[in-house]
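A.B. asks: Sequence:
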Amino acid sequence: LSALDKAFVIDSSNTTVLGLKGIQSFENQQWQLAITYWQEAKRQMDQTSATVKALKVGIARAQKRLSVEPQEQLPSLQIEILVSIDKSIDFNPEQRVFVALVAASGAPMPLAARKLRAGDLPTTITLSNADAVMAGYNLSNVNKVKAVARLSQSGSATPQIGDWEYSLTGINLRDLEQPLSLKISRQINTN
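Position one of the sequence shown corresponds to residue 724 (this note's numbering), numbered consecutively onward.
No lab work stands behind these hints, which were simulated from the structure alone. All figures in this text were calculated on a predicted structure; none of them were measured in a lab. Each residue gets a CB set at the ideal place from its N, CA and C atoms; glycine is no exception. Keep in mind that the hints are not guaranteed to be accurate.
Unchecked claim - Taking lysine-lysine pairs in the DSBU-like style, the calculated list, with each CA pair at most 30 Å apart, reads:
| id | residue 1 | residue 2 |
| --- | --- | --- |
| 1 | K869 | K810 |
| 2 | K867 | K838 |
| 3 | K869 | K729 |
| 4 | K787 | K776 |
| 5 | K779 | K729 |
What the hints assert, rightly or not - Per label pair, the in silico range of CB-to-CB distance:
| id | residue 1 | residue 2 | range |
| --- | --- | --- | --- |
| 6 | R766 | I733 | 29 to 37 Å |
| 7 | N815 | S772 | 44 to 52 Å |
| 8 | P845 | A880 | 33 to 41 Å |
| 9 | D734 | T849 | 27 to 35 Å |
| 10 | T849 | S890 | 45 to 53 Å |
Model the full assembly from the supplied sequences, consistent with the hints where possible.
C.D. replies: What follows is the structure, encoded as structure tokens:
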């Protein structure tokens, strides 16, 4: 993870970090992602500031690039996931379980996520663009994802030492035929 990505994980609402993530996305020709970061930064600022004016120019440039390039849109994807907890793990039924689909490369921000109660597992959920965390940044933006299910000890969506999780990497959304199975079984020992 780059220093910028680490800063984003720590504080995803920091306007400076959002602005820099937007610039990084723009340089990588990820126009929609740049727009999403910049709109989120702009939303939190004084609308008369010079920074907001600069963000509006960046957003307009990214929107122009988006309209020039044909975007191949995937049909509305629906990913079925069976989520369970290994029976060797001692947990409180009220504990939070976070299930997320994250781009295989790029931003650590989930493309789609859901919060569950540990006591409701095992269960099968469906994640789609309707479960997007940030507007305009969703499953239709990528081909490959990583799926993560995490039993949180603190209730925080950010991974902590002591949490339990399970992840699958390199999932090609176009070739997915059966539900994913995420059985939480590995404890996080380091950041």
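A.B. asks: Give a verdict on every hint.
C.D. replies: To see whether the hints hold, each was checked on the structure:
1. K869 to K810: 24 Å, holds
2. K867 to K838: OK: K867 and K838 at ~22 Å, within 30 Å.
3. K869 to K729: 18 Å, holds
4. K787 to K776: At roughly 17 Å apart (the allowed maximum being 30 Å), K776 and K787 satisfy the hint.
5. K779 to K729: It holds: about 26 Å lies between the C-alpha atoms, which stays within 30 Å.
6. R766 to I733: 29 to 37 Å: Taking Cβ atoms as reference, R766 and I733 lie about 20 Å apart, which means the hint is violated.
7. N815 to S772: 44 to 52 Å: 45 Å, holds
8. P845 to A880: 33 to 41 Å: 21 Å, violated
9. D734 to T849: 27 to 35 Å: Given a distance of about 30 Å, which is inside 27 to 35 Å, the answer is holds.
10. T849 to S890: 45 to 53 Å: 19 Å, violated
The structure is inconsistent with the numbered hints 6, 8, 10, although it conforms to all the rest.
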